[in-house]
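Construct the entire structure; sequences and hints are all you get.
Residues per chain, in single letters:
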Amino acid sequence: MSHQLGRVVSVILHRYFGEIVQQVGNDLFMYGSKPIGLIVKTTGLPRVKVIESLRTLLKFDLASFEPSTNEVIADYKLLPENVLLFIRYPRYLLQMKSKYGSAAELIVEELLQTANSTATVLLITVANKYKGDKDKNIELKILKDTFISLATAGYIQQAPVAVLKEGSELPTLEHVATIVPDLDLRTLQQAMTMNLNDIKDNVYWKVNYDRFHQDFRDEVMIKAVSRRIDENAGELMRHLLQQMYLASAAWAPESNPTPALELRDACRRGAAERPLLHQYVDQYLKVLEENGGGFVKRIGDASGGQYVVRAKHAAEQLVHTVLDHTVIERLGSKAARIFRLIRDKKYIEEDDIQKNAMLVNKECKELTYKLLEEHFISLQPMRKAASAGGLVKAVYLYHIKLNDVANTAQEMCYRSLHNIIKRGEHERKLHARLLDKQRRVRSIVHGMRMRGEPQQNIDDVEETLTPPELAVLQGVEKRLKQLSTAELELDRNLFLLKWYFMYPH
Amino acid sequence: MSKSEEIREKIMNIAKKNPKGISAKDITSAIPEISSAVLVTAINELLQQELFDLFSQGDSYVYRLKTTTSKQAVKGADNEEKVVYNLIDEAGNKGIWIRDIRIRSNLQNTQLTKVLKNLESKKVIKAVKCVNASKKKVYMLYNLEPDRSITGGAWYQDQDFESEFVDILNVQCLRFLHQRADKMKNNPRGPIVGRTQSYATAAEVQKYITDLGISKVQLDVEDVITILNTLVYDGKAESTVYPDGSKVYRAIESLIPPPGLVQIPCGVCPLIHKCCSTGLVTPQDCKYMNEWLE
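Going line by line, the protein sequences match chains V and C. Everything in the first sequence is counted per my numbering, starting at 48 for the first residue and increasing by one. Everything in the second sequence is counted per my numbering, starting at 23 for the first residue and increasing by one.
Hints may be right or wrong, so weigh each one.
With a straight-line cut-off of 25 angstroms between C-alpha atoms, the simulated SDA-like cross-links for lysine to any residue are [unchecked claim]: (1) V/K270 / C/E260; (2) V/K412 / C/D182; (3) V/K412 / C/K207; (4) C/K296 / V/N454; (5) C/K296 / V/T225; (6) C/K158 / V/D398; (7) V/K392 / C/N192; (8) C/K116 / C/L163; (9) C/K207 / V/E278; (10) C/K258 / V/E421; (11) C/K207 / V/G341; (12) V/K333 / C/P265; (13) V/K476 / C/V263; (14) C/K207 / V/A319; (15) C/K207 / V/D265.
Pairwise CB distance ranges (calculated) [stated by the list, open to error]: (16) C/K39 / V/K392: 48 to 58 angstroms; (17) C/K309 / V/L217: 28 to 38 angstroms; (18) V/E524 / C/D233: 34 to 44 angstroms; (19) C/Q306 / V/G494: 27 to 37 angstroms.
Simulated from the structure, these hints should not be mistaken for lab results. Quick reminder that beta carbons are idealized off the backbone N, C-alpha and C, glycines included.
Laid out in structure tokens, this is it:
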């Protein structure tokens, strides 16, 4: 909960929900948890607006509530981590599209936009939306099947249910086990014609972010192994992770052991695509253990070898790599050499750094102090117990506190994310008039096309945007696109750091 | 041969057998017929001829035979010079610091500098600057090659660290490792064979560097290992130990491509900690961002 996080959360809320929700969010972020009355007082907003904002926040799972001390009113609290997930939405959609096709993408998109919805309403809305769209070929049956497979795979889950406990005035949200629904196609088709309000379905669904994050994590690990060794090893890592899900908790720091036998089976099934992997499974396992960044460890010899996936260790390794890259880009590759040297030796004196890093003394000192200044490394003085002589020499040892450095990096990510979003807003504001004009021209042209008006008229309307204006618009679009790519990349970076922080250190 | 000469010869023989030194007792036990008066004159003569060094050990004195070389080198030198010379000689190619000479020789500072200057002008000793501490001078015999710890080895030219040389070697070593690294990927003979093929021992790298002819000085395997270690610290290589104890190296890729943070200007911005929503440094009018977006 840092100042930088507050700034990012604030701009994200502003972008997606507007100023009022942003004000309420800021207020909650600053004061922790507080009841409605106090929010009204500090923000100076009308009570109705505050309630409306809170409703939005609660709906999107961006805030939580719990009974206040007097048990009659509720205290509201912002969940900043969930606000940050908004940046990740495009990634969720991409994941769905590549894994389950465009129908899944549409379902998840709709569900993300509405925060929660019943299965019937969700499917019907999507079906209605794309009824006329022939390219996508969205049928109710496909939608229904996709929905069921998504629920089975755990990408969507049932929303928590409000329960009013005895002796309490306030409901609490209780998580319920997801039961994969048995949707009837005929009822769905009937419901298509009905008014949405008349539909009787009271099981609400929402997106299960955690499931997506598991996918992202696996992807990162597989890619890392592929880079280090080769694609076959990456494939083996995938098999290992799949086995891990069967026997361990998804985010366990260290998975339960997987026998090599099962891995061999899995490789045999994929032998057609990867003959090398099938042929040399045992060798690949050995190489993966020894050269795969320590993601995998052999812990026993039963049933042909027992292997565990060390997710916590992997997260640490990846954060180290992120930090290495950051140091390289910020202070140069020589500073990175010192940084890695200190990590390697754990605790090291200044003189030893110079000897091992093979740098000019002066340069080496300068870079070491720079690293210290930017909080990448820390200094530990070791004073000897008072000796007889007046000269008490202290030894200064450099070392890396990974947790602290990762925090520094996270702060930098927050700051950068804030800057990128702010800059995007600024660009939009600067060219608001032009962007608005472009939008109007487009909608007019679209309308004219629908009505089938002659091409001559359409051209006339299109020409109201002069060539210089078009050039400017192109520039703006390019910049905005670059900024949003940067947002996504930053989010990937943050994801690694969050993964690391997930485990206690 | 006179009698005194005979006795001296005998004492010399005893001393030669005991290079650690002999005491008066050793002599009397070896030559029982000798009287103490004769012994004293004989030893005094030997000391005068500078065949012996005199040490005190506990209550008794110990005589030690001087090595012949040191005796010859300082012909025509006075006593102080000899003492200093011997101290420097003892230090060998590690050299000895002037302060240590002063403490051990018990000479006055001014006198000592004079002696040292004298010896230096005679080209008997030389002063060598130490790499670890630029102001520290050590003395050693003129004909000796300074030790690695004094000169810093191949990486130093006149006490200056040659960082360019190190950089070039660093790049060349990496190139050599890269040539092999690809053999690991999808090797038809299995990953372990591939891995072995992608490893390079320090000796192989040394041979490659020598064949390239980029280095004027002869590089040892040890030197190449230091260079290869810098590659490991650069994160561009990893090292393992073979069963026979030799170290092997392999070029590697970093686990992930450059992360999002460093792909945008903020990640590398020197002003990131001064950047605020208002004020002089803001994301809205950031110059770095302008350049990046163009």
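### Task
Just pull the numbers of the violated hints for me, sorted ascending.
Numbers 3, 5, 13, 17 and 18, in rising order.
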